[in-house]
Structure formats: structure tokens, C-alpha cells
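**Q** Chains as they are written, first to last, in my numbering: chain H, 13 to 126; chain V, -13 to 98.
I should point out that these hints are in silico values taken from the structure, not numbers from a laboratory. This structure is a prediction, so every number in the text was calculated from the model and none was measured. Careful, some of the hints might be misleading.
Said to hold, decoys possible - List of simulated lysine-lysine pairs, PhoX-like, C-alpha gap at most 25 Å: (1) K64/H / K89/H; (2) K118/H / K69/V; (3) K43/V / K118/H; (4) K43/V / K28/V; (5) K68/H / K118/H; (6) K43/V / K69/V; (7) K89/H / K28/V; (8) K69/V / K68/H; (9) K121/H / K72/H; (10) K89/H / K121/H; (11) K64/H / K80/H; (12) K28/V / K121/H; (13) K28/V / K80/H.
Listed here are the chains, written in short residue letters.
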Amino acid sequence: GDSVTQMEGPVTLSEEAFLTINCTYTATGYPSLFWYVQYPGEGLQLLLKATKADDKGSNKGFEATYRKETTSFHLEKGSVQVSDSAVYFCAFRLTQGGSEKLVFGKGMKLTVNP
Amino acid sequence: EPEVTQTPSHQVTQMGQEVILRCVPISNHLYFYWYRQILGQKVEFLVSFYNNEISEKSEIFDDQFSVERPDGSNFTLKIRSTKLEDSAMYFCASGSGGKTQYFGPGTRLLVL
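Work out the full structure: start from the sequences and follow the hints.
**A** Next comes the structure, spelled out in C-alpha cells:
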């Protein structure tokens, strides 16, 4: 069935370290891809998205490229900050068949230390 | 910037009791959703709602659950007779028909 597989954390990094969070998906159709972030005590916020193959989503120094050939949407940031400490969720939504639901990964908790 | 709001932020209830979780979606959005996240598990889709009716629901959304848009601004999720396994964070989301859904901060429900 449709699913998202994410790197499992938790992960602790030092400030200015490079971050990669792997995400792969299994979908019966052609999905739009998303990264959501949940800061402590807050709800899910859209971080970035990509809607077709080879699109790159970017926001707040984070990037992810839609790779259809590897069914992946890995999140990267070149230099993390303490304020990036949060839980990161990869998700997709199918664009055919009328379904609107988002399918989420388990989330990965990132802690960035000064 | 407009945002989705949810009340209450936390709710504790006894097993078998009814609970109503409330959401105020972004004002010009027409599509509404509920998701839940059991502690340590994935965020799971429950239901989507458009044009005053359910457009899609998951197998989790059984007869114990219902949704309603009682007026022009609120969107509610009712659990008729809560079970221990209903304990979770419940997220409301809304969208304007594009691909992006905007989430509220969640209601943490604890069933004792």
C-alpha cells in the first residue's frame, strides 16, 4: 500500500553541521511531495513541497528534490541552527483518483546543540 | 498570516464519554481535514470534508466518529464513546483546493 519511509531518529547535531533526512515513498499514483516541521509545542507547518519530478522545494535554507526514479525526497540543509530543533515529517498526496489525504512518515526528531 | 486554530489544546476524559474537538479553519478555505497521531506513531488521516459532506474517510473513522460544520467558521470532530486507544494528538487542517493543507496546533486527547 501507499507509504512513506523516513530515517528514524532521534538525531543530535552540533550547530553548523550538515543535515540529511532520507525519505522514500511507495505510491500507486503520481504524488505531490511535502516536508512538514513540528516545533516543540506547536502544530505541523509546511516546510517545503514539490509537485513534479525534478522539482526542488526550498525554504529557510532547507532543500529537497523530487526524484521519481528513486522515489525519494530527501531533506537537506547545509548548516543547521539551534532553532531548527524540531520533528520533521515527510508526506505525499496523490494527485489522481480524487484522494486528498496526506500520507505521512513517522517523523524524525532533530536536536541541534550550540 | 491566517492560521488554523484548535480548542482545547488538551482534553482529559473518561472512557465511554463523548468528546468534541473544535477547529476554526482558515476563513476562505473550503476543504477540511482531521488527522491524528498516536504517541510515537505516524500521523494518520481520518477524514476529509467538502461542501458539507464527507468526501473521504479512513478505516479508522468508524461509526464512533462524526464531523460537522455547524456554522460558517467551526469544524468539529465528535467521538461518541471514547476508548483508551483514542488517546492521541488530533490535528485539524484546511485547504483551498490546491495541494497544500494547513494544520492547526492540535488537541491532545487523553482517555482514562
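**Q** Checked against the structure, which of the hints given earlier come out wrong?
**A** Those not satisfied come down to hint 8.
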